[in-house]
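Engineer: Given chain A, work out where chains B and C should sit, using these hints.
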Amino acid sequence: AHGRRFVRSSSYDKPCKEMRLYLHDILYDYSNSTSNSTSAAATKPTALATAVPSTGGTFFGQVVVFNDPMTEGRALPPSLEETAVRAQGVYLYNSKEAFNAWFAFSIVFNSTGRRGTLNLMGADIIAEKTRDISVVGGTGDFFMSRGVATLRTDAFEGFTYFRLQMDIKLYECYVV
Amino acid sequence: AHGRRFVRSSSYDKPCKEMRLYLHDILYDYSNSTSNSTSAAATKPTALATAVPSTGGTFFGQVVVFNDPMTEGRALPPSLEETAVRAQGVYLYNSKEAFNAWFAFSIVFNSTGRRGTLNLMGADIIAEKTRDISVVGGTGDFFMSRGVATLRTDAFEGFTYFRLQMDIKLYECYVV
Amino acid sequence: AHGRRFVRSSSYDKPCKEMRLYLHDILYDYSNSTSNSTSAAATKPTALATAVPSTGGTFFGQVVVFNDPMTEGRALPPSLEETAVRAQGVYLYNSKEAFNAWFAFSIVFNSTGRRGTLNLMGADIIAEKTRDISVVGGTGDFFMSRGVATLRTDAFEGFTYFRLQMDIKLYECYVV
Numbered sequence: 029a030h031g032r033r034f035v036r037s038s039s040y041d042k043p044c045k046e047m048r049l050y051l052h053d054i055l056y057d058y059s060n061s062t063s064n065s066t067s068a069a070a071t072k073p074t075a076l077a078t079a080v081p082s083t084g085g086t087f088f089g090q091v092v093v094f095n096d097p098m099t100e101g102r103a104l105p106p107s108l109e110e111t112a113v114r115a116q117g118v119y120l121y122n123s124k125e126a127f128n129a130w131f132a133f134s135i136v137f138n139s140t141g142r143r144g145t146l147n148l149m150g151a152d153i154i155a156e157k158t159r160d161i162s163v164v165g166g167t168g169d170f171f172m173s174r175g176v177a178t179l180r181t182d183a184f185e186g187f188t189y190f191r192l193q194m195d196i197k198l199y200e201c202y203v204v
Numbered sequence: 029a030h031g032r033r034f035v036r037s038s039s040y041d042k043p044c045k046e047m048r049l050y051l052h053d054i055l056y057d058y059s060n061s062t063s064n065s066t067s068a069a070a071t072k073p074t075a076l077a078t079a080v081p082s083t084g085g086t087f088f089g090q091v092v093v094f095n096d097p098m099t100e101g102r103a104l105p106p107s108l109e110e111t112a113v114r115a116q117g118v119y120l121y122n123s124k125e126a127f128n129a130w131f132a133f134s135i136v137f138n139s140t141g142r143r144g145t146l147n148l149m150g151a152d153i154i155a156e157k158t159r160d161i162s163v164v165g166g167t168g169d170f171f172m173s174r175g176v177a178t179l180r181t182d183a184f185e186g187f188t189y190f191r192l193q194m195d196i197k198l199y200e201c202y203v204v
Numbered sequence: 029a030h031g032r033r034f035v036r037s038s039s040y041d042k043p044c045k046e047m048r049l050y051l052h053d054i055l056y057d058y059s060n061s062t063s064n065s066t067s068a069a070a071t072k073p074t075a076l077a078t079a080v081p082s083t084g085g086t087f088f089g090q091v092v093v094f095n096d097p098m099t100e101g102r103a104l105p106p107s108l109e110e111t112a113v114r115a116q117g118v119y120l121y122n123s124k125e126a127f128n129a130w131f132a133f134s135i136v137f138n139s140t141g142r143r144g145t146l147n148l149m150g151a152d153i154i155a156e157k158t159r160d161i162s163v164v165g166g167t168g169d170f171f172m173s174r175g176v177a178t179l180r181t182d183a184f185e186g187f188t189y190f191r192l193q194m195d196i197k198l199y200e201c202y203v204v
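Chains as they are written, first to last, in the UniProt record's numbering: chain A, 29 to 204; chain B, 29 to 204; chain C, 29 to 204.
Chain A on its own, in the form it takes in the complex (with noise of 0.2 Å):
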């Protein structure tokens, strides 16, 4: 970060750097092999779980820690392990009434071209079509870097799968 110089961008339509990742949560269901899971349930359901029975049930309560790998395009990559962007952190779900989840995570960049990390936190209100968490902060080559992240649903299968949509725009950054 040595040299860097702080910028703010001067509008909404114009993010000093922006990026659109894939976010690919793959929840371990207690059944299948973990060896492709991505996150597992800390904690189990609270009461509140159920607390309105037509919803079927929120989870409300669960804590799920994640370390999910990032892409570019949609499509997994072959070797999870290899993946050179991970979010990493924890979402949990708290609506008696709906399926919606609150995040706090990092985006952690590890290849040649990018490294450094983006730390993020916010409510996914999963009823909407989409949602703005904040960046709060960032690190490497993201240092000390600002911003809004859009999430959109992009896929998801059942209870085990879920693909995100991640427009991360950032208005200040510094830059070199």
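Treat the hints as calculated values from the structure; they're not laboratory data. Think of the CB as a built atom: it goes at the ideal place given N, C-alpha and C, for glycine as much as any other residue. Please note that a few of the clues may not be correct.
[Unchecked claim] Stretches of chain C that chain B covers, calculated by requiring three or more beta carbons in the stretch to come under 8 Å of a beta carbon on chain B: (1) 31–40; (2) 52–63; (3) 69–77; (4) 110–124; (5) 133–143; (6) 168–180.
Structural biologist: Here is chains B and C on its own, set in the frame of chain A:
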């Protein structure tokens, strides 16, 4: 957020935006109905919760997931589901010697007048009369905001209800 | 914070504030006394913790709540309770292939010389010699601060003690 411009407060006494909100936390206590509860313990207290017997137990290690209504006045709304402002996230108890909590959450605004989120985190040293936590980011009408929220315990009933007064002052805003 | 004015560092090498602190984590191990412990596992490791048997277990999914003393020198203070600086929050293990942690916490300063908090989050890639996390906000004497903290494992004893060297550099400050 189109066309917004950045404003930094020139002084601590003149935030670019401020508001007072009350957070209502109704903890599910394993015996009462789930219908009014807005939070639930995702984990049990650890052994450290009773490390100092004279405290009577401090809940060290208990992680609580919440989706709490927030109101402009002190009164709970007639219908919790219709609250236009909600705090969604997690708090946990982390002291052997006292009730001491740590919060990370989003305030979700969903009315015609205000739409968007604020993201907050910080230590809630309950023994102090007031304590400050950080507003680390925002989205929508609170695009890229930063500031400080001052918490004060306004009321509590045993272990199943507390009301926090939250004075939110933003010092970095993007205004229309 | 009255009368403070904003300062942004002009260069990576010249933070507006910097300090070195050591974080001491004494994990309760279910057998030793609770009197010295400063952290405790709130959840058990998940099935993913042993997904790669050659690792011997990585604690994937274990969530640890902590209230750790921080010191300017390497030595633990004679009385943990009297430590003027404490780190309060949560870390969790999130890798199948290695020890890999993620942190979100507050540093609480409580001495006559320094009062206030710093709020941090980020990935702690333990395999790297040093790793950077974000300082996303601050309060009191650290009002509205942002920066980067560089972590280095300074010592560890099995699974019950580790000491992290934390070099905190703030690049956005409000100074008197």
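Engineer: For every hint, state whether the structure bears it out.
Structural biologist: Structure-based check of all given hints:
no.	hint	in the structure
1	31–40	holds (count 3)
2	52–63	holds (count 4)
3	69–77	holds (count 3)
4	110–124	holds (count 3)
5	133–143	holds (count 3)
6	168–180	holds (count 3)
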